[in-house]
Amino acid sequence: MIRAPDLPDADAVVIIGAGLAGASCARALREKGSRASITIIGAEPHQPYDRPPLSKAILLGNHAPALTILIGAEEAQSLDIGMQLGVAAVRIDREARAVILANGTTISYRHLLIATGARPRTLSILAEAGDRVQMLRRYEDALALRENLRDGAKLLIIGGGLIGLEVAAAAVQMGCAVTLVEAGDRLLARAVPQAIAERVLVRHQDAGVRIMLSTIVVGCKPHSNGVGISLSNCAEERFDRVLVAIGVEPEIALAAASRLPVDDGVLTGPDRRTDDPAVFAAGDCSARRGPRDGGSPRRLECWKAALDDGAIVARAILGEPLEPEAPPWFWSDQHDWQIQGTGHGAHAHTLIERRLGDDAMIIFGLDAEDRLVAAWGLGQAGQIGREIRAAQLLIAAKACTNGALLADPGVRLRDLLRQTGASNVTAQDGAS
Amino acid sequence: MPNWIDAGPKDAVEVEDVMRFDHEGRTFAIYRDESGAFFASDGLCTHEQVHLADGFVVGSTIECPRHQGRFDIRTGKAKGAPVCIDLKTYPVRIEAGRLLLGMD
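Read top to bottom, the protein sequences are chains A and B.
For any residue, its number in the working numbering is found by taking its place in the first sequence, counting from 1, and adding 4.
For any residue, its number in the working numbering is found by taking its place in the second sequence, counting from 1, and adding 28.
Chain B extracted, bound-state conformation (with noise of 0.2 Å):
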């Protein structure tokens, strides 16, 4: 059973946009892909520890900006070179017009 942390308004996080979101010493992005539906994973990008949040969404892509290395933002795959390892991603849940992360 996830714990839900309050991570802010809805919207705060536009489509096709990303957002910082740092709780007890561990920091997060939360996505928003073309559709408008909401995700969120870890904010380090696997490869060299730069964060999502400064990154590039692209329909329901996060773009890494150090490399331009490609996850993902529903499942948090790796879409190839130059990541390879996988995001970690969390269940965000919409109440009341806020965002809920589901951490574990």
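Pulled out of the complex, with its shape left as it was, chain A reads as follows (with noise of 0.2 Å):
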């Protein structure tokens, strides 16, 4: 089918953003039948690709690195997507329905997805410290830290966060002697319990990482032969590189400047449409709107919520019903374990812990009622994927469990499943 460029298209959809919430919409769209013309209007000069690989297989890989590519050129063209790449959105015209690219061009939409993702946080005390220091975000930064990461490079991570912890397994692995400096009291603050937390950082110290709590950057001063970093629990250090993974913040100017209402996302109901009905927000720049008597919007930054929202947009520009949201759920790469996540902690009333021997373990989060609402697990992912992924239908089935169960390793969680009648809940599938 010939699309003639100039008619305009009565059902046109354009996505801002060519990440993983941006292709997954438009695949969705695509596998659920529409023909609608669906446009992706990407800043970065390449087809959509996928991030997880930069803090790890792009660092670590001995072959040329290469992007993962979620939809390729040929792909878009058997797909009819149309890709507007390496060129930004300035300005939404929510009036007249329209995108105005900084090439001028402008696209007219029937519904929009503004998927413009994340962008990381910057410390302004090493802005004038030079192109020694860096951020993790797009594939030229692990282009970058991959060239620079050599034996023996001497590397600080600032960030004890997940993308800092994944790079720091990766660096030491290439050779370089990495210190890792957290400004709290532990690493994965957000991410995972404390017993974990305890149990990551010993891990990544037996593998020769450096690591300092509750320390800062409060100097830097740039060198010919290196970048000099005071901390602020020793005197200075010469570093040949610094990477600040310190978190993202949302990339919600284009919305803010069309007046949508934004916090600390864009924000959306649970079906991701904005306030405006032609216009929805997924993955990294969206926020879902807390519950009307009260609670904070919720913005998750995984790469399932991500996928996920894709798809939940297609449905609803498609016009079908909301499906029951699943549990958030997360993983991390690091070394040869990982650490998993799914629910939601902050409402963990109790921990209950599962040991699974070789240091490997899950934690169960239960609510006031008893019911589970989180868990993280940290090992080998033979270990811990298939009890997370248990855990998660649990979690959506809002089981009330038993604490002697589940602490116990002997009782396998797809019975608990069984019993409460759970296991037909549906995974929610991309697109199925």
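These are computed hints drawn from the structure, not numbers from a lab.
Just so you know, these numbers come straight off a predicted model, no measurement behind them.
One or more hints might be untrue.
Listed below are the simulated BS3-like cross-link pairs for lysine-lysine, each with C-alpha atoms no more than 25 Å apart in a straight line [to be verified]:
{"no.": "1", "chain 1": "B", "residue 1": "Lys116", "chain 2": "B", "residue 2": "Lys105"}
{"no.": "2", "chain 1": "A", "residue 1": "Lys60", "chain 2": "B", "residue 2": "Lys107"}
{"no.": "3", "chain 1": "B", "residue 1": "Lys105", "chain 2": "A", "residue 2": "Lys36"}
{"no.": "4", "chain 1": "A", "residue 1": "Lys225", "chain 2": "A", "residue 2": "Lys158"}
{"no.": "5", "chain 1": "B", "residue 1": "Lys38", "chain 2": "B", "residue 2": "Lys105"}
{"no.": "6", "chain 1": "B", "residue 1": "Lys107", "chain 2": "A", "residue 2": "Lys36"}
{"no.": "7", "chain 1": "B", "residue 1": "Lys116", "chain 2": "B", "residue 2": "Lys38"}
{"no.": "8", "chain 1": "A", "residue 1": "Lys158", "chain 2": "A", "residue 2": "Lys60"}
Using the hints, put the two standalone chains together into the complex.
Next comes the structure, spelled out in structure tokens:
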């Protein structure tokens, strides 16, 4: 089918953002049989690509690094998904239902998806540090990091969250001397309970990463042979490279300029629709409004949320009913082990530990009514993956559980699932 | 004509579950979907080579434990990111309560 480019399409879908959420939405629309015109606008000069390998495989790979493409040029053509790549959207005109690009092009929409992602937060104290200091978000950042991390290179990582720790693991494997500093009194303050954070710290130290908690950068001075960093607890030290990994901020400028409500993210309801019924937001840039009786908006930063959001938007665009949402789920690959988590840890009232031997463990979070609301695992994928997945389904079923059963490694969660009749809760397929 | 190999008693695999089977240096996963039917595939996920016997079966889908990549047990078809390469499948027969795996 040849689509004449100038004919207005009554159902045109425009997606700002060529990341996972945008690509997932486009793909889901086609898989559901939509023939509407779809245009993805991406500021980066690449086909939509996947970010997880940037902090892992791209750094570690022996062969020439390559993008993990989500929708390649050929596939985009066969799926009839239009791509405007390497050009930024500069304005959304919600009255005219049009997106204006930096090159002056105007693209009309019937449905608009804002999937602009997030950008790394910066440290103002490093503003004059020069190009030995970098962040990690785009493919080019990963290439630059890989280029500069050689045997013996001294790397400072600022930030003890998932990205900082993944890079620490990769860099140590590449033979670098890695120091990681974290302002808080433990690693992974947002992602996992303390008991897991403590074990993660030990595992990284055992692998040779030097970790300093409750430590911040207090000074910075570029030199010809490195960058001098003064930390709050020790004298100036010279590093070859500094990675700032202190989190991200949602890219909300376009939405805010078009007067869509924003908070820590573009605000949406459960169907990812903003206050403008023609406009959706998904992925790292978006935040779900809290419940009416309070509770702040919730923004997730994980891969699965972006994948699922894209499919949720596709369903909403096609007028399909809202389905129950799967509990959030994330993973992090570090060294040869993993962390996984599911649910909403903030709702957990009681934590129950299940030891899996070999220092591997699962921690379950129950709310005040003994309902499972969260679970986290540390260990090999083969040890924790299945249990976290079963926990995810138990959480979705709002199952009440017995702490003793959860703690017992002899009890299989899939059996608990069967007892609650919850095993027929459908997995949140990206597009089924 | 496949080479039928005894892979143990059929009751070793529960409904909606998966079992590892190794034979002559190769590793497989033997599944039972929600209907109780048996299927088999190469044992390692096509994404990052994690063993699918540690994975989670929901209905007729196997999920890799590492990144929840999903495959259709019956056909080996990869059902979307992060997995995109299909699993190789093998026929399974039941004879006298034993599982027989049809290797090439």
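ask   = Given the proposed pairing of Lys38 (chain B) with Lys105 (chain B), does the C-alpha separation stay at or below 25 Å?
value = holds, 24 Å
Pair hint Lys105 (chain B) and Lys36 (chain A), alpha-carbon separation not exceeding 25 Å = holds, 18 Å
Pairwise hint evaluation, Lys36 (chain A) against Lys107 (chain B), where the allowed Cα distance is 25 Å at most = holds, 14 Å
key: Pair hint Lys116 (chain B) and Lys105 (chain B), alpha-carbon separation not exceeding 25 Å   = With Cα atoms ~9 Å apart, Lys116 (chain B) and Lys105 (chain B) stay inside 25 Å; holds.
inquiry  = Just to be careful, I want the Cα atoms of Lys116 (chain B) and Lys38 (chain B) compared with a cutoff of 25 Å; is the pair within it?
reply    = holds, 21 Å
Hinted pair Lys225 (chain A) and Lys158 (chain A), Cα distance within 25 Å = holds, 16 Å
inquiry  = Need the status of pair Lys60 (chain A), Lys107 (chain B): alpha-carbon distance at most 25 Å?
reply    = This hinted pair holds, its Cα atoms lying about 24 Å apart.
message = Run the distance test for Lys158 (chain A) versus Lys60 (chain A): straight-line Cα separation, threshold 25 Å.
response = holds, 18 Å
When held up to the earlier numbered hints, the structure conflicts with none and fits them all.
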